[in-house]
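Going down the list, the protein sequences come from chains C and R.
In terms of numbering that gives the first Met the number 0, the first sequence has 159 at position 160, counting the first letter as 1, and numbering is strictly consecutive.
In terms of numbering that gives the first Met the number 0, the second sequence has 243 at position 244, counting the first letter as 1, and numbering is strictly consecutive.
Certain hints may be false.
Claimed, not checked - From the structure, some residues in chain C lie toward chain R, with a derived Cβ separation under 10 Å: (1) ARG7; (2) GLY21; (3) TYR23; (4) PRO30; (5) THR171; (6) ASN179; (7) SER187; (8) HIS203; (9) HIS288; (10) GLY300.
Bear in mind the hints are in silico, worked out from the structure with no lab data behind them.
All C-beta atoms, glycine included, are put in the ideal place defined by N, C-alpha and C.
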Amino acid sequence: MNKLNTYRAGVDDDGHFGIYGGRYVAETLMPLILAVDKAWNEAKDDDDFWAEFNHYMKHYVGRPSPLYLATRLTEHLGGAKIYFKRDELNHTGAHKINNTIGQILLARRMGKRRIIAETGAGQHGVAAATVCALFGLPCIVYMGETDVERQAPNVFRMKLLGAEVRPVTSGTGTLKDAMNEALRDWVSNVEDTFYIIGTAAGPHPYPSMVRDFQCIIGNEVRNQIQEAEGRLPDSLVACLGGGSNAIGLFHPFLDDEDVRIIGVEAAGHGVETGQHCASLTGGRPGVLHGNRTYLLQTEDGQILDGHSISAGLDYPGIGPEHSWLRDTGRAEYVSVTDEEALEAFQLCTRMEGIIPALEPSHALAHVAKIAPDLSNDHIMVMNMCGRGDKDIFTVARHLGVGVNEE
Amino acid sequence: MSQPETRIGRRFQALREEGRSGLVTFLTAGDPDPDTALEIFKGLPAAGADLIEVGVPFSDPMADGPAIQASSLRALKAGMTLSKTLDAVRAFREEDDDTPIIFMGYYNPFYIYGVDKFLEDAKGAGVDGFIVVDLPPEEEGEFCLPTTAAGMNFIYLTAPTTTDERLPRVLQNASGFVYFVSITGITGTRSANTDAVAGHVARIRNVTDLPVAVGFGIKTPEQVAEIAGIADAAVVGSALVNIIAENLDANDKPAAGTADKVLSLVSELAKGVRSAGT
Ligand SMILES: Cc1ncc(COP(=O)(O)O)c(C=O)c1O
């Protein structure tokens, strides 16, 4: 494949990354999507908008998050020098807040007074409920019925924050259905509602807008690694659900061709079992939720439910920019099973005193696979995009340990 | 762009000559099972359906309310596929070569089938047009333009949110008829106020000579008659699908006579288009 002059130029005006992305939505929604696009185009060229964003990033979220050299883990693996980008230290415990702050500032600019969101693990739901509390706006979070059960602590956090959590029973009652339900709410409440999508997917402009908010991760890493090492890293590793933390880390480095970029999908019980969420590894291009991208689907074009131990990676699609980066070959995409992620979770906890979320545990499992074969001067940055407090019950269950959830 | 000549155009011409509006029915292919669905499908013209929308089952029907979502899932569970939906059209066409058939669905199943092959097979089976919910004019190159080039119609949805500035763009490559979604919302929920609908229909008629059909929220013969007074056709979907749902046992098996019950509501609704003065 021909190398491009730049991998950072995209999206085009119609919202495409190559053949991916786009605006595949019902006409009822189209005027709303165009209004978001227009408002976003104005906001992103407005210094005041970014000044406000940066203000909240610093004083509310607690950025910049540290770039930390994981010394014991590096020694233990005996190869590459491993840095963690500590986005798990953000307020609310994950990178999701970077995006919800950005989108709620846009919603306010547009004069929208009612916020809706979808959530899987509940991390985005909590981040959305948090910014709604911060700005005094009502928040409705759609969450698949099965996720409401398996993520009970986050459901309670959202309620404490004043959000209404609506369990979704339609379809298969999972994250994809929660997104369908949020879109249905949006077409039914067109006047006053803003939809805060939780990942770098959906109809244009969401994939590039969410990316631009999450790029604060990669931009900070560029400065921090220069300071620590005097040069850019050799490789970047991040986990992929819809792909927002990964694109936020990757995008600022796409044109540095010596930086190897690796995205890690959830292989669940193993890609060969069909019980996984690895859309780029085990799916094919299709159209869902407003964009063309790799999807888990049947021969007849019906969307399949994925499986992952990590509710945050349990989505049958992937942000369209990752589909494009995969096809162009600029980024590599690999997958990690539930078992491997659980092992990495424990390794990190014992070695570094950091309890990672199950999502970045997938990224870490891949780091643990490749780091030992790399030289000691190879610098690797992994996005520690969330902390694992929310996952301790899941992990306890898998380890056969009883923990009182009541 | 020149308008392909199809059964849809001929049917609206005939309705105009008869001096009445048309009844468009929507049912999901394969709901609740392929046999019952085919029995209903074949009975629709005699019951008074002037045009037939065939819902193509999809796992994620984003613009549909609970009734049609459930119908889609029932059909998929009963093994319905896009190929089998085309088979149903072939079976229908053995008996009826005049009633227009419009596929209504979401893009992914068509895309995965392969657009060129799908258009060829659909045309061969006797499909006349398509309503693809998630293909706005911004994505017309995907499917709308190839459909028209293949001699079938692409029917655009317009909504109360479609502004006067945007309307000409939406209708630029529309053919067959225009489908006005009467509410801002999903199928089978609210019903629109007739005066408001009349205003929107007038807006559309300012931009196009195509017939205008109105759908979403129309459930009774009275509502059909009201819409028939202001538009060229009224579309009824969820009310028909609900009859199927009401006649299922715990295993989604239809009670005897389910098809007749659906068709008898169609006959009632058909009186609505025949009673209205246009
Ligand atoms: C901690 C964490 N990481 C990653 C993800 C996956 O999302 P994305 O791929 O958009 O970063 C989630 C989603 O809930 C999450 O909570």
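Going down the list of hints, with the structure as the test:
1. ARG7: Status violated, d = 24 Å.
2. GLY21: Holds: closest Cβ of chain R sits about 6 Å from C/GLY21, inside 10 Å.
3. TYR23: Where the cut-off is 10 Å and the nearest Cβ of chain R is about 4 Å from C/TYR23, the hint holds.
4. PRO30: Nearest chain R Cβ about 5 Å off; hint holds.
5. THR171: 8 Å, holds
6. ASN179: 5 Å, holds
7. SER187: Since the shortest Cβ distance to chain R is 4 Å, the answer is holds.
8. HIS203: 9 Å, holds
9. HIS288: 8 Å, holds
10. GLY300: Since the shortest Cβ distance to chain R is 3 Å, the answer is holds.
Violated hint: 1 only; the structure is consistent with all others.
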